[in-house]
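Number of protein chains: 2
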Amino acid sequence: MKSVIIYSGGLDSTVLLYKLARENSLVEAISINYGQRHSKELEFAKKNCQKLGVNFKLVDLSNLNPIFGDSALTNKSVNVPNGEYANGNIALTVVPNRNMIMLSIAAARAMALGCDSIAYAAHSGDHALYPDCTTEFADAMAEAIRRADTRKIELLRPFINIDKSQIVKLGMELGVDFSDTWSCYKGGSLHCGKCSTCLERRQAFSDAGVKDPTIYEK
Amino acid sequence: MKSVIIYSGGLDSTVLLYKLARENSLVEAISINYGQRHSKELEFAKKNCQKLGVNFKLVDLSNLNPIFGDSALTNKSVNVPNGEYANGNIALTVVPNRNMIMLSIAAARAMALGCDSIAYAAHSGDHALYPDCTTEFADAMAEAIRRADTRKIELLRPFINIDKSQIVKLGMELGVDFSDTWSCYKGGSLHCGKCSTCLERRQAFSDAGVKDPTIYEK
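Those sequence lines, one after another, are chains A and B. Numbering of the first sequence is given in this note's numbering, commencing with residue 234 and proceeding in unit increments. Numbering of the second sequence is given in this note's numbering, commencing with residue 234 and proceeding in unit increments.
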């Protein structure tokens with residue numbers, strides 16, 4: 234396979250970056266600035282691509298920011314909630330249709346480069362409360378992507394049957410330095426340790442029995 | 234229905250704009266600058282929205298231009314071919330995955346605005362040589378869009394069973410001023426009259442028995 238990866242600089246997609254680079258199937262990593270508060274993740278995306286010698290393409294879609302309305306991830310007047318994911322506060326962290334937009338751009342890039350696949354790090358623990366993280370959504374997108382070009386582009390989801398702690402274990406085997414990955418939604422200089430994605434990150438290291446190298450705010 | 238329309242300023246989507254405005258189901262028209270050579274169409278998009286009192290949202294995705302590679306529509310070093318669509322020269326006018334990108338952004342906007350549908354002017358004459366104009370592609374996208382949000386967004390294609398000449402006739406009934414629409418891919422100050430889309434435009438007026446108000450280059 235010759236793939237383009239959708240690469241955020243987060244924990245999951247960094248492990249996928251290492252896996253595909255190891256398998257020598259990676260043509261380009263594409264990272265998207267959509268005006269996210271936590272654009273710090275993009276610095277780590279660039280750094281990891283440089284480490285591995287992977288072509289890094291940063292796409293600036295920050296102009297899209299106003300179309301997303303009141304998402305806490307793109308609208309700085311809306312606070313990112315603390316605590317675990319729950320129906321009540323997850324709505325604030327939804328960026329409308331973010332995954333479809335990213336997949337569509339990665340597919341465009343795969344077509345332009347003559348690749349046969351795009352890969353992203355959807356995993357079994359992704360929240361059903363995010364509709365665009367469900368298997369049903371991804372299956373429908375996979376079909377649309379196959380139909381969108383004469384060269385059939387496949388949507389690869391190698392982590393779809395494993396959870397975040399298993400991704401941490403795989404990352405350890407692949408030599409990922411997790412201190413060069415970013416999860417926190419709040420966009421501070423350190424991980425806050427309190428928002429939903431920080432809690433998930435901590436739990437994944439704990440469940441994996443791997444020392445968490447992340448420096449959290451006191 | 235409360236809809237967002239994907240609106241280019243071209244002939245087909247202008248007729249759809251008038252139709253939805255007449256039906257009072259239009260919340261916003263979204264136009265996308267993706268670095269197209271014929272960005273003149275966007276001026277007509279704005280003008281027609283002003284005429285009808287429709288909210289006009291121009292999304293600047295010109296930063297995307299470099300990802301599309303060697304399309305004649307976005308890369309000014311590649312010439313737009315003359316003559317009818319054919320396998321040989323149509324490839325030059327393909328913008329990789331353009332329709333999926335536009336649909337994904339319109340769907341995001343519909344979610345942010347609380348709309349129940351997005352509409353676009355795909356019609357029965359759209360070229361099977363463009364894979365992302367086929368019914369199979371659109372059906373797969375409709376399913377993905379339904380899956381992408383808790384509120385099911387419908388993909389409306391009111392022109393899918395009529396051709397361009399029938400769209401011209403409908404436009405006449407709705408009072409469209411076709412001199413305020415733009416088709417030519419070449420991006421000059423007048424329609425060239427020779428590129429594939431100009432030939433189609435001329436033929437549609439001729440087939441409809443409607444006087445073509447377009448001023449073509451000599």
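If you're looking for bench data, these hints aren't it; they were derived computationally from the structure. Treat the hints with caution; some may be incorrect.
Identical copies carry no separate label here, and so any pair may be met within one copy or between two of them.
Claimed, not checked - Derived pair list, reagent style DSS-like, types lysine-lysine, alpha-carbon separation capped at 30 Å:
hint, residue 1, residue 2
1, 427, 279
2, 309, 402
3, 385, 402
4, 273, 290
5, 273, 385
6, 444, 280
7, 444, 235
8, 427, 402
9, 309, 290
10, 284, 402
11, 279, 290
Structure-based check of each hint:
Only within a single protomer do residue 427 and residue 279 lie at most 30 Å apart by alpha-carbon distance; the minimum there is 26 Å, versus 45 Å between protomers. Neither within a single protomer nor between protomers do residue 309 and residue 402 lie at most 30 Å apart by alpha-carbon distance, with minima of 34 Å and 48 Å respectively. Neither within a single protomer nor between protomers do residue 385 and residue 402 lie at most 30 Å apart by alpha-carbon distance, with minima of 33 Å and 37 Å respectively. For the homomeric pair residue 273 and residue 290, the shortest alpha-carbon distances inside one copy (16 Å) and between copies (29 Å) are both at most 30 Å.
Taking identical chains as interchangeable, the C-alpha atoms of residue 273 and residue 385 are never at most 30 Å apart, the minima being 34 Å within one chain and 33 Å between chains. In the homo-oligomer, the alpha carbons of residue 444 and residue 280 lie at most 30 Å apart inside one protomer (22 Å), although the nearest pairing across protomers, at 60 Å, exceeds that limit. Proximity of residue 444 and residue 235 under a CA criterion of 30 Å is satisfied in neither setting, with 34 Å inside one chain copy and 51 Å between copies. Proximity of residue 427 to residue 402 under the C-alpha cut-off of 30 Å is restricted to the intra-copy arrangement: shortest distance 23 Å within a copy versus 60 Å between copies.
Proximity of residue 309 to residue 290 under the C-alpha cut-off of 30 Å is found in both arrangements, the shortest distances being 26 Å within a copy and 21 Å between copies. In this homomeric assembly, residue 284 and residue 402 come within 30 Å of each other (Cα to Cα) only inside a single copy, at 20 Å, whereas the closest approach across copies is 60 Å. Within a single copy, residue 279 and residue 290 get their C-alpha atoms as close as 9 Å, which meets the 30 Å cut-off; across copies the closest is 32 Å, which misses it.
In this structure, the hints that do not hold are numbers 2, 3, 5, 7, in rising order.
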